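Given the coordinates of chain A, assemble chains B, C and D onto it according to the supplied hints.
Number of protein chains: 4
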Amino acid sequence: MLENYNIRTDLALETRERFVSDHVEIPGVSVEETYDEEREIRTTRVVVETENGAKMMGKPVGTYLTIEAPNMAVPDEDYHREISKKLAEDIKELIPERKEEVSVLVVGLGNREVTPDALGPYVADHLHVTRHIVKEYGKYAMGKDQVYLVSAVVPGVTGQTGMETLEIVKGVVEETEPDFVVAIDALAARNSKRLNRTIQITDTGICPGSGVGNHRLALNSETLGVKVIGIGVPTVVDAVTIVNDTMENFIVALESSELLKSVGETLRSYNEAEKQELIRELIAPHLNGMYMTPKNIDDTIKRVSFTISEALNILFSEGTAS
Amino acid sequence: MLENYNIRTDLALETRERFVSDHVEIPGVSVEETYDEEREIRTTRVVVETENGAKMMGKPVGTYLTIEAPNMAVPDEDYHREISKKLAEDIKELIPERKEEVSVLVVGLGNREVTPDALGPYVADHLHVTRHIVKEYGKYAMGKDQVYLVSAVVPGVTGQTGMETLEIVKGVVEETEPDFVVAIDALAARNSKRLNRTIQITDTGICPGSGVGNHRLALNSETLGVKVIGIGVPTVVDAVTIVNDTMENFIVALESSELLKSVGETLRSYNEAEKQELIRELIAPHLNGMYMTPKNIDDTIKRVSFTISEALNILFSEGTAS
Amino acid sequence: MLENYNIRTDLALETRERFVSDHVEIPGVSVEETYDEEREIRTTRVVVETENGAKMMGKPVGTYLTIEAPNMAVPDEDYHREISKKLAEDIKELIPERKEEVSVLVVGLGNREVTPDALGPYVADHLHVTRHIVKEYGKYAMGKDQVYLVSAVVPGVTGQTGMETLEIVKGVVEETEPDFVVAIDALAARNSKRLNRTIQITDTGICPGSGVGNHRLALNSETLGVKVIGIGVPTVVDAVTIVNDTMENFIVALESSELLKSVGETLRSYNEAEKQELIRELIAPHLNGMYMTPKNIDDTIKRVSFTISEALNILFSEGTAS
Amino acid sequence: MLENYNIRTDLALETRERFVSDHVEIPGVSVEETYDEEREIRTTRVVVETENGAKMMGKPVGTYLTIEAPNMAVPDEDYHREISKKLAEDIKELIPERKEEVSVLVVGLGNREVTPDALGPYVADHLHVTRHIVKEYGKYAMGKDQVYLVSAVVPGVTGQTGMETLEIVKGVVEETEPDFVVAIDALAARNSKRLNRTIQITDTGICPGSGVGNHRLALNSETLGVKVIGIGVPTVVDAVTIVNDTMENFIVALESSELLKSVGETLRSYNEAEKQELIRELIAPHLNGMYMTPKNIDDTIKRVSFTISEALNILFSEGTAS
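So the sequence lines, in the order shown, correspond to chains A, B, C and D.
233 is the number that our numbering gives to position 233 of the first sequence; each next residue is one higher, with no gaps.
138 is the number that our numbering gives to position 138 of the second sequence; each next residue is one higher, with no gaps.
195 is the number that our numbering gives to position 195 of the third sequence; each next residue is one higher, with no gaps.
15 is the number that our numbering gives to position 15 of the fourth sequence; each next residue is one higher, with no gaps.
Isolated chain A (complex conformation) (with noise of 0.2 Å):
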């Protein structure tokens, strides 16, 4: 009934199988499916190909890279290494091809004092940053032929610095001139389900969001200048989200039930104006503004901060040895 309804998420992934539930082609859009069995790890690739599929996703045009690992978020040293590799492939495949020198500008998104927020922070805490060194001592300190010029910034939030997101980066930007942009965010996922075990890479940087800490302004290549590569994780789920979850499940249940039938199809009768205000009526003032979260997030978001921290280290220190 409520599909239509605005609800937030940041996964391409969740945005097509709305359409799809619905049995709707969306022309310009296209879907890839790989499911690695030993790793378990499942890959979707979603391309969103022209401006009028860029329309109905409510998406940029690019490739969106969903991969999805039940275990991501249980403590397993060796599992979470075969993540990382995964990983570093999939990012490898949307950066720029390479040169002698690249220069990469990491950019951990987000809160660092609210925990669910503190993905982008926590992997660029463990990032191996090289820019300085290969500017001082140039790339043979290295020990490589080819290098690439690691730089990581954390701009914080707004309500920390009194400044946009989008400034600060874009400073950095200009200032540093790195060849290509790698920032990293918690999402808000629709489906609680997907929470700390699906990890999205897309070449369209990071659209204004639904995450925690809430963007207004794109990080893209459009707003600097460069190539940006978006690493996300969903960490939390929006509290209206929660809320239309339970209006579906509650119309299905009403449905399934011999006495109640007529109520479900009576409330999927509803025209659209109906169902808003009847959706208006049911989610209090109160929940603007509130997010869920599981309660061991702690642990989770360290493990996944460092699954993609890990990704990154390996993917930057490839390169033939001089």
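Mixed in with the good hints there might be a few duds.
It does not matter which identical chain is used: a pair holds within one copy or between any two.
The list that follows gives simulated cross-link-like pairs (lysine-lysine, DSS-like), each with its CA atoms no further than 30 Å apart [stated by the list, open to error]: (1) K302 - K85; (2) K227 - K144; (3) K227 - K135; (4) K92 - K135; (5) K99 - K86; (6) K99 - K139; (7) K55 - K302; (8) K85 - K55; (9) K99 - K144; (10) K302 - K86.
Just so you know, these hints were derived from the structure itself, not from any lab.
Small disclaimer: the values here were computed from a predicted structure and weren't measured.
Frame of chain A; chains B, C and D shown alone:
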């Protein structure tokens, strides 16, 4: 419809409200409300006087003071100082009578790594501890005739320590023999409107609750052998509560609709077993272990914890100068 | 003997003292000292007026205010508030004149992970940022006719970011165009007595110094294009300084001993090359890159950083109500 | 000259070195040194066998293993894993023999807020605690026939808790009854070359020492009633030690100088009282309570603490699969 379903709240105030909304008198439970207009502070004193009352309330016999101050979450240093003073007075009422030297152990419960659960540790961080000074230099080092010997411990949570919180606190109490204990904890509220603007003080200690960190064993005079003052602030709402609230709002919405009035009435007429069944279907299994909290929880938790630590610092530094 | 050996200090006050102890007049440098007996605050104003004076001092032309308050490291909230007020007045003197809207970027230099170097980040943490509010709602949201638009950034250190601090700050300045910058940093002192009880304010910015984090490039009006107020607190003494001090004390001890008087005199008569050689032998190579700091630095740094952030909050919230 | 002046070191290795440099045999103290060339790890085993030996050494009867690995402070994950394995073997030697279930309490001593003193807390942070799991689900939950029940506590320092560290740990030990305790602490070294590249393991517990946090009461089998393995890493040098070293170097420099030879000899001929007097004059009173540590202590402390927590995780997860 669903008010008897086991909705979790740590606030005595909220438990009682549910009876009131059902127009049920609870024998053995007295309630008194005062309102300080100037400071906009509402104080509710719920006294559970009999074992029968305790049974109905699901809360032990004892006194529960609840301070509600809508502006508590707002940045205003002077206002917070006012609340600290009020809080100091209220706590004073519940603690054992003054002697020349009174020793108190403050226990900061919760997980420092999870923002809405860090209340207890943050309060302990800002406490002026004095026990070691008085032990070493005598009470005149404090320039007072009567002194509190203040000590503090942050026991951590079971997932970090491998021990029950009670084991750690009990060991410390037996070794250092305080006259009483003050335990601070983040709580779960029933109503999201109460988050971060309500403080509950009770002489019944901390009960195994539904806060972020779920302590399985109570800290009270029975388990610790000394009086335990519990100070709690609701910082989260359980995800299950949100689902329940949505349902209740939905039923009300149905009843007020001309078209669907009969549906609402049908649902109201459900018997207990049917209701439980319905709820079970509605609550997605992934919601277990999830909680909801506001996006700006980092600022709020710092402010509220500082208000409480200041209250304790005011109270414990009182005494006639020597 | 060794006073011309290159001992590192970030305090203009200490540079000058060395000349005074040698009874040398420095042309182009004026000094003025005032003492507030009630509050026990000594203020020294060193003005380097000419390029010649700058050369002798090894510090750029400009004004250097030094506030010394022996009790700054002691816990006494009221006293700290007094210092914050005094500090606000002193900073006010150095900043550009008021207009209707003045924007200021506060830069918290240093490494949050190293206790004595965390001063700058801690000051930024407690700052009331307002730029985003005024930008969105206009200055009347602040209830004032004249407002400061306060923003803050914590750039991190090169080992964490791979970038020069100057690069990051310059980028942010160019993007957000503040009217002036306030940069806060932990400094190295010459004399351990000054640690954590001295604050230096200067309109010459932050020079490449000898603090814990050694910024290699200056932040000043030349490099940033806007006025830079530097606020520094000495929190460490370089290990090399300690060795030097020991030597000086030793010589004095020898001279005052009947028996060893001649030795002291012999040492004094050493020529420069001989002295340098002796020092080089005495300084163990392992002392390089080491600094000395008090054991209670965690409490002290929190208190002093709070005193500074309060000073800035007082200053930037001034203005006639609209 | 000054080697008998009371220079503080927590390393048995260093205490013994002083005797060796004086060509003094210590009866009741045996020493054995091995060197692993491939891994560049030097292991020294000092066994204090008799009370007489203990008296001369100023250290209790027991075994002191010291592992010196110059690359320990350098970032190299594989090398650190090697040290962790070596460490696990060494610790194993000192702990009580295996039974089906062995319970161990790991105590992370020190102050999390002061970088070089955060070693113990950081080790506890990365420990896999299992006691609560085995208690609840039985040892087969761990998939092993023999299991360690690992618990961990971070007691904080007296200035934060108002209690002696011993009081807290003793309480927890009496309540949870572990078979043995492992206490980790940051130490003070005599020689700055040893900082962050030396690990001392001893079965004598932690003695009241000269580390950053000075625990006044020992944690050992006498005070806690169970065996206490102490693991320490020198992370600071006391400022007084630096002064003393400078003096020693100075005397040597004088003796080797043609001109000043006689001075050196005169100083050597000083009697004890004269020497003490000289030292007292040389040590500025402000150096008391100060310590010296390297600038990059934040990275180093993280790496070394991780090496130790990995060693404990390896050791405590051993056991034949069930």
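Status of each hint after checking the structure:
| no. | hint | in the structure |
| --- | --- | --- |
| 1 | K302 - K85 | both (18 Å within a copy, 24 Å between copies) |
| 2 | K227 - K144 | within (25 Å within a copy, 42 Å between copies) |
| 3 | K227 - K135 | both (22 Å within a copy, 29 Å between copies) |
| 4 | K92 - K135 | within (24 Å within a copy, 39 Å between copies) |
| 5 | K99 - K86 | within (22 Å within a copy, 42 Å between copies) |
| 6 | K99 - K139 | within (12 Å within a copy, 49 Å between copies) |
| 7 | K55 - K302 | neither (35 Å within a copy, 42 Å between copies) |
| 8 | K85 - K55 | neither (33 Å within a copy, 56 Å between copies) |
| 9 | K99 - K144 | within (12 Å within a copy, 51 Å between copies) |
| 10 | K302 - K86 | both (19 Å within a copy, 27 Å between copies) |
In terms of the numbered hints stated before, the structure departs from hints 7 and 8, listed from lowest to highest.
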